[in-house]
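Asks: Sequence:
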Amino acid sequence: MELIGFCVSGTLFDLARSDFRGDVQSRELLDHVGRTVRMVGDFVAEKFVKTKRGELMKFGTFFDIEGKFFDTVHFPPSLAQYPLRGAGIYLIEEKVVQGFGCPSLEVIRCAKMPLKPDPRSI
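Just so you know, we're using the working numbering here: the sequence shown kicks off at -14 and counts up by one.
These are calculated hints, taken from the structure and not from any lab test.
Note that the Cβ used here is the ideal one computed from N, Cα and C, for glycine as well.
You can take every hint at face value.
Derived CB-CB ranges, DEER-like: (1) Val82 <-> Asp(-1): 28 to 34 Å; (2) Asp4 <-> Leu41: 30 to 36 Å; (3) Ser3 <-> Thr36: 30 to 36 Å; (4) Lys53 <-> Ser3: 17 to 23 Å; (5) Val18 <-> Pro99: 30 to 36 Å.
Could you build the full structure based on these sequences and the hints that come with them?
Replies: Structure below.
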């Protein structure tokens, strides 16, 4: 059930049309450094920055089905082709890299996942 845009009887993952929840979860990322993985995340926040060439890039924050946070880096080419489109559940294909002992996710592509139809409007 949703109230003013927030799930109150479950999570937004329960409303996703697909049952796919990603190849890996946040807790497993360090085991996949150097690999390309697909994750499903609930969008939390974003921050735009400019590269030294003046191009826009973005940092995104999501949480997975287990409620663990993960951060993404959207470099200009992938951001231009696959922009984030606000709140929702996203399927994100990304390369896992490691910096300072923490995993970082370089987005290759991403898309907002469709939600189940509202039963009140059927």
